[in-house]
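Colleague: Each chain, letter by letter, is given below.
2 protein chains.
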Amino acid sequence: MSRVVQKFGGSSLADLACMRRAAQLVAQRWHEGWQVVVVVSAMGGRTDDLLALASEASKAHAPASAETDALLATGEQESAALMTLCLHHIGLKARSYTGWQIPVETCGAHGNARVQQIATANVLATLQEKAIAVCTGFQGTTSNGERITTLGRGGSDTSAVLLAAALEAERCEIFTDVEGVYTTDPRIVTTARKIATIDYEEMLEMAALGARVLETRAASAAMRFRVPLLIRSTFSESPGTSVSATDKTMEQRSVTALAYSDKDAKIALVGLDNTPGIAAKVFAQLALNNISVDMIVQGTTQDEKKAHITFTVAKTDLENACVALEEIRTDAPFQELRCDDKVIKISLIGAGMNSYAGVASRMFRTLADKGINIQIIATSEIKISVLIAADYLELAVRSLHAVFELQKETSSPLSSPLSSPLSSPLSSPPSSPPSLSKSTAR
Amino acid sequence: MSRVVQKFGGSSLADLACMRRAAQLVAQRWHEGWQVVVVVSAMGGRTDDLLALASEASKAHAPASAETDALLATGEQESAALMTLCLHHIGLKARSYTGWQIPVETCGAHGNARVQQIATANVLATLQEKAIAVCTGFQGTTSNGERITTLGRGGSDTSAVLLAAALEAERCEIFTDVEGVYTTDPRIVTTARKIATIDYEEMLEMAALGARVLETRAASAAMRFRVPLLIRSTFSESPGTSVSATDKTMEQRSVTALAYSDKDAKIALVGLDNTPGIAAKVFAQLALNNISVDMIVQGTTQDEKKAHITFTVAKTDLENACVALEEIRTDAPFQELRCDDKVIKISLIGAGMNSYAGVASRMFRTLADKGINIQIIATSEIKISVLIAADYLELAVRSLHAVFELQKETSSPLSSPLSSPLSSPLSSPPSSPPSLSKSTAR
Numbered sequence: 001m002s003r004v005v006q007k008f009g010g011s012s013l014a015d016l017a018c019m020r021r022a023a024q025l026v027a028q029r030w031h032e033g034w035q036v037v038v039v040v041s042a043m044g045g046r047t048d049d050l051l052a053l054a055s056e057a058s059k060a061h062a063p064a065s066a067e068t069d070a071l072l073a074t075g076e077q078e079s080a081a082l083m084t085l086c087l088h089h090i091g092l093k094a095r096s097y098t099g100w101q102i103p104v105e106t107c108g109a110h111g112n113a114r115v116q117q118i119a120t121a122n123v124l125a126t127l128q129e130k131a132i133a134v135c136t137g138f139q140g141t142t143s144n145g146e147r148i149t150t151l152g153r154g155g156s157d158t159s160a161v162l163l164a165a166a167l168e169a170e171r172c173e174i175f176t177d178v179e180g181v182y183t184t185d186p187r188i189v190t191t192a193r194k195i196a197t198i199d200y201e202e203m204l205e206m207a208a209l210g211a212r213v214l215e216t217r218a219a220s221a222a223m224r225f226r227v228p229l230l231i232r233s234t235f236s237e238s239p240g241t242s243v244s245a246t247d248k249t250m251e252q253r254s255v256t257a258l259a260y261s262d263k264d265a266k267i268a269l270v271g272l273d274n275t276p277g278i279a280a281k282v283f284a285q286l287a288l289n290n291i292s293v294d295m296i297v298q299g300t301t302q303d304e305k306k307a308h309i310t311f312t313v314a315k316t317d318l319e320n321a322c323v324a325l326e327e328i329r330t331d332a333p334f335q336e337l338r339c340d341d342k343v344i345k346i347s348l349i350g351a352g353m354n355s356y357a358g359v360a361s362r363m364f365r366t367l368a369d370k371g372i373n374i375q376i377i378a379t380s381e382i383k384i385s386v387l388i389a390a391d392y393l394e395l396a397v398r399s400l401h402a403v404f405e406l407q408k409e410t411s412s413p414l415s416s417p418l419s420s421p422l423s424s425p426l427s428s429p430p431s432s433p434p435s436l437s438k439s440t441a442r
Numbered sequence: 001m002s003r004v005v006q007k008f009g010g011s012s013l014a015d016l017a018c019m020r021r022a023a024q025l026v027a028q029r030w031h032e033g034w035q036v037v038v039v040v041s042a043m044g045g046r047t048d049d050l051l052a053l054a055s056e057a058s059k060a061h062a063p064a065s066a067e068t069d070a071l072l073a074t075g076e077q078e079s080a081a082l083m084t085l086c087l088h089h090i091g092l093k094a095r096s097y098t099g100w101q102i103p104v105e106t107c108g109a110h111g112n113a114r115v116q117q118i119a120t121a122n123v124l125a126t127l128q129e130k131a132i133a134v135c136t137g138f139q140g141t142t143s144n145g146e147r148i149t150t151l152g153r154g155g156s157d158t159s160a161v162l163l164a165a166a167l168e169a170e171r172c173e174i175f176t177d178v179e180g181v182y183t184t185d186p187r188i189v190t191t192a193r194k195i196a197t198i199d200y201e202e203m204l205e206m207a208a209l210g211a212r213v214l215e216t217r218a219a220s221a222a223m224r225f226r227v228p229l230l231i232r233s234t235f236s237e238s239p240g241t242s243v244s245a246t247d248k249t250m251e252q253r254s255v256t257a258l259a260y261s262d263k264d265a266k267i268a269l270v271g272l273d274n275t276p277g278i279a280a281k282v283f284a285q286l287a288l289n290n291i292s293v294d295m296i297v298q299g300t301t302q303d304e305k306k307a308h309i310t311f312t313v314a315k316t317d318l319e320n321a322c323v324a325l326e327e328i329r330t331d332a333p334f335q336e337l338r339c340d341d342k343v344i345k346i347s348l349i350g351a352g353m354n355s356y357a358g359v360a361s362r363m364f365r366t367l368a369d370k371g372i373n374i375q376i377i378a379t380s381e382i383k384i385s386v387l388i389a390a391d392y393l394e395l396a397v398r399s400l401h402a403v404f405e406l407q408k409e410t411s412s413p414l415s416s417p418l419s420s421p422l423s424s425p426l427s428s429p430p431s432s433p434p435s436l437s438k439s440t441a442r
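Which chain is which? The protein sequence lines are V and W, in order. With my numbering, the residue at position 22 of the first sequence is 22, and numbering never jumps. With my numbering, the residue at position 298 of the second sequence is 298, and numbering never jumps.
Rather than coming from a laboratory, the hints here were simulated on the basis of the structure. The structure displayed is predicted, hence computed values, not measured ones. Hints should not be assumed to be uniformly reliable.
Since the list gives no way to pick one copy over another, a pair counts as held whenever it fits inside one copy or between any two copies.
Unchecked claim - Derived pair list, reagent style BS3-like, types lysine-lysine, alpha-carbon separation capped at 27 Å: (1) Lys-342 with Lys-315; (2) Lys-342 with Lys-263; (3) Lys-130 with Lys-59; (4) Lys-263 with Lys-59; (5) Lys-408 with Lys-194; (6) Lys-408 with Lys-130; (7) Lys-59 with Lys-93; (8) Lys-281 with Lys-93; (9) Lys-59 with Lys-281; (10) Lys-408 with Lys-305; (11) Lys-59 with Lys-306; (12) Lys-281 with Lys-408; (13) Lys-408 with Lys-315; (14) Lys-370 with Lys-305; (15) Lys-281 with Lys-263; (16) Lys-305 with Lys-194; (17) Lys-370 with Lys-281; (18) Lys-194 with Lys-93; (19) Lys-263 with Lys-194; (20) Lys-263 with Lys-315.
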């Protein structure tokens, strides 16, 4: 029997009316003959409310602690129980599972725990009893099972993907408040097109580069465990975007999508002593302070004894980064530390893009034509990112979207071989389970 | 080292300001040198909100189910985590425990579970680490540990008393929004007096007969396990009421308090066939339908072939009782079934009261003088209850309170022997733990 994990985010569970709509989507799959495992986030806004309470109780900014985790975990426990009651109401057999009931074993880092193991026996027993298992996302326990841990914001996507992997589900459906993955933000580019099929690597880059439709960790887990995803809206019948492995030799389109992120800030260390190992000192100090660095550019000045290093960190780390760098100023002397948090990172994403000559030059030319200065460039196998002044966000996104013709549907073979089960999500009858073979699916 | 359980009800945890006040009361005990175990209810109003959500999700009246329990349990989990964060904030070491973390093992009756066993090793380990254990009241697990159960409304009092018994605590402090146990409802009788010391049996009768300060189950558990209680206000320094075993030979006062309840309804079966076993048939049918009967009076008419039976049931059971009785009408014929839910039960309570002649006659005389008709009378070792028309509530309560001089403080030895530790709750220094010896305490 085919098995599906359906994950509903907070906006899909904002109130009981939304929950009933979600319950209908579960019922639809159930009546099609699937075994269904539901993964829920907290009701929309609840996690923020609980975090505010924790901050107020501690008179400090949202402390990451065992107690904050115990508090936050109530959000998903609440929505799992309510969703189960909604399923009962429409005549379905169902039971809820908290993180400790599944159980989901994590490393003990409170507020940012990593899943180590998911036991499947309990959930499978419920499925065997022809019932629906409604699991709390976002939470687990310490490895000794004693305390509650949470996976960090957006962890419910990750819970859903990892549960799908552990349960060997045919696919994982991520229900959200948008209709799928778009070529870029439709609020900026009205011609932004929903992508029918996207590759794991592309999805991962898009998530990492700022597309908010799926958490980066979840995209990474899906890629690692080859879990086919279907990203859909709870509130429409639109088929959504399917994320799966694609045959790269068959690709025709080089640029799939355009993402942007306003979460970065730029730091420039000007007039650094240009001695061997100076960059290592700088980045070691940042790593020591748990600050991740993203884009980096290093250059020398006319005076060869001085160097510049420019890089980006998360905006939330900017202040700590400056403090950390001042601390090593005697050991790694620099003339000036310049910060800028009015920057935006824009990325073109496409599997195998680097094999297409001219994407980068076309991107730079387009920006130059609009008078947009590129501050840093970073590239990988499947993306090119540039850092520009935040003011140019809309202009840059619209220009690049048009130049790369992302609004046009292509008849790329990319979207054909796997699309039949995943792009018509509401039609598979029980007698014809999704045609994704096991070997393709994992 | 002396050990105390401190229980805070919903009104004591209505918001974070209240929680901080409660945390200060915990800190006070801690700094006096006690080992402290805190038991919390859900934040004021939260359980009602969650029940309303469950009813709305089920489109039915608050379903008692595993899922409703999973939902309700989040209320105490939330307040336990927040209380712990408040304790951290004022520099105390503390950790929270849910029902499954303690664990509290119950019979599996969802919505009305009975505690079977409380494991103490985890909580004791926390106390040994010089930390405060903050436990969720009201909840436990099924005996296999798999599902969450709740103890029914007001179950947190019971959790606290049973935890105190299991942990062999010197006493259990019940913090609420009133200053203790009163001779009667101060909203009706302005001269109602707070009782300094009360006997387990009296407390149990008062709870059972309608005094809302303590749950009946908790009073019963305290009596059974001889857990000394101190009932106090979170919001005042008043010493509260201590509940413990008393030496009955030393009692002087016969009537301690006056309780009333508006939760009963009266049913009269008029013109029952007066055959042997007719009453048994009636009450067996009610028992079969899980309907408890409280006060009963049976009489014959002038026609000796007919009998009347009048009794009370909970108002919430009235409709079911009538249906159940109609069902057996062919087997146990009666001429008429009369219902009345405009009745009130008023009870005089006092340990050993039945040994004082005249209490009953004085009670009946007082009511007769005011023209109040007594519909049913019920007596026990330590109480006399009468059922009267609800309209006379205030008149009856005020008259009886005055006649039995309950407003007067007596110098009864009853309040002396055990009062030193319990009536000065905020003063025991670490070097002088409460003087209740183990043999007295349990």
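Colleague: All the hints need checking, so say for each whether the structure fits it.
Modeller: Results for each hint:
| no. | hint | verdict |
| --- | --- | --- |
| 1 | Lys-342 with Lys-315 | within (10 Å within a copy, 67 Å between copies) |
| 2 | Lys-342 with Lys-263 | within (10 Å within a copy, 66 Å between copies) |
| 3 | Lys-130 with Lys-59 | between (47 Å within a copy, 23 Å between copies) |
| 4 | Lys-263 with Lys-59 | within (26 Å within a copy, 44 Å between copies) |
| 5 | Lys-408 with Lys-194 | within (10 Å within a copy, 81 Å between copies) |
| 6 | Lys-408 with Lys-130 | neither (44 Å within a copy, 67 Å between copies) |
| 7 | Lys-59 with Lys-93 | between (44 Å within a copy, 16 Å between copies) |
| 8 | Lys-281 with Lys-93 | neither (60 Å within a copy, 39 Å between copies) |
| 9 | Lys-59 with Lys-281 | neither (36 Å within a copy, 64 Å between copies) |
| 10 | Lys-408 with Lys-305 | neither (51 Å within a copy, 95 Å between copies) |
| 11 | Lys-59 with Lys-306 | neither (45 Å within a copy, 73 Å between copies) |
| 12 | Lys-281 with Lys-408 | neither (47 Å within a copy, 81 Å between copies) |
| 13 | Lys-408 with Lys-315 | neither (35 Å within a copy, 69 Å between copies) |
| 14 | Lys-370 with Lys-305 | neither (35 Å within a copy, 107 Å between copies) |
| 15 | Lys-281 with Lys-263 | within (25 Å within a copy, 76 Å between copies) |
| 16 | Lys-305 with Lys-194 | neither (51 Å within a copy, 85 Å between copies) |
| 17 | Lys-370 with Lys-281 | neither (38 Å within a copy, 94 Å between copies) |
| 18 | Lys-194 with Lys-93 | neither (35 Å within a copy, 52 Å between copies) |
| 19 | Lys-263 with Lys-194 | within (24 Å within a copy, 61 Å between copies) |
| 20 | Lys-263 with Lys-315 | within (6 Å within a copy, 61 Å between copies) |
Of the numbered hints given earlier, the model fails hints 6, 8, 9, 10, 11, 12, 13, 14, 16, 17, 18; all others are met.
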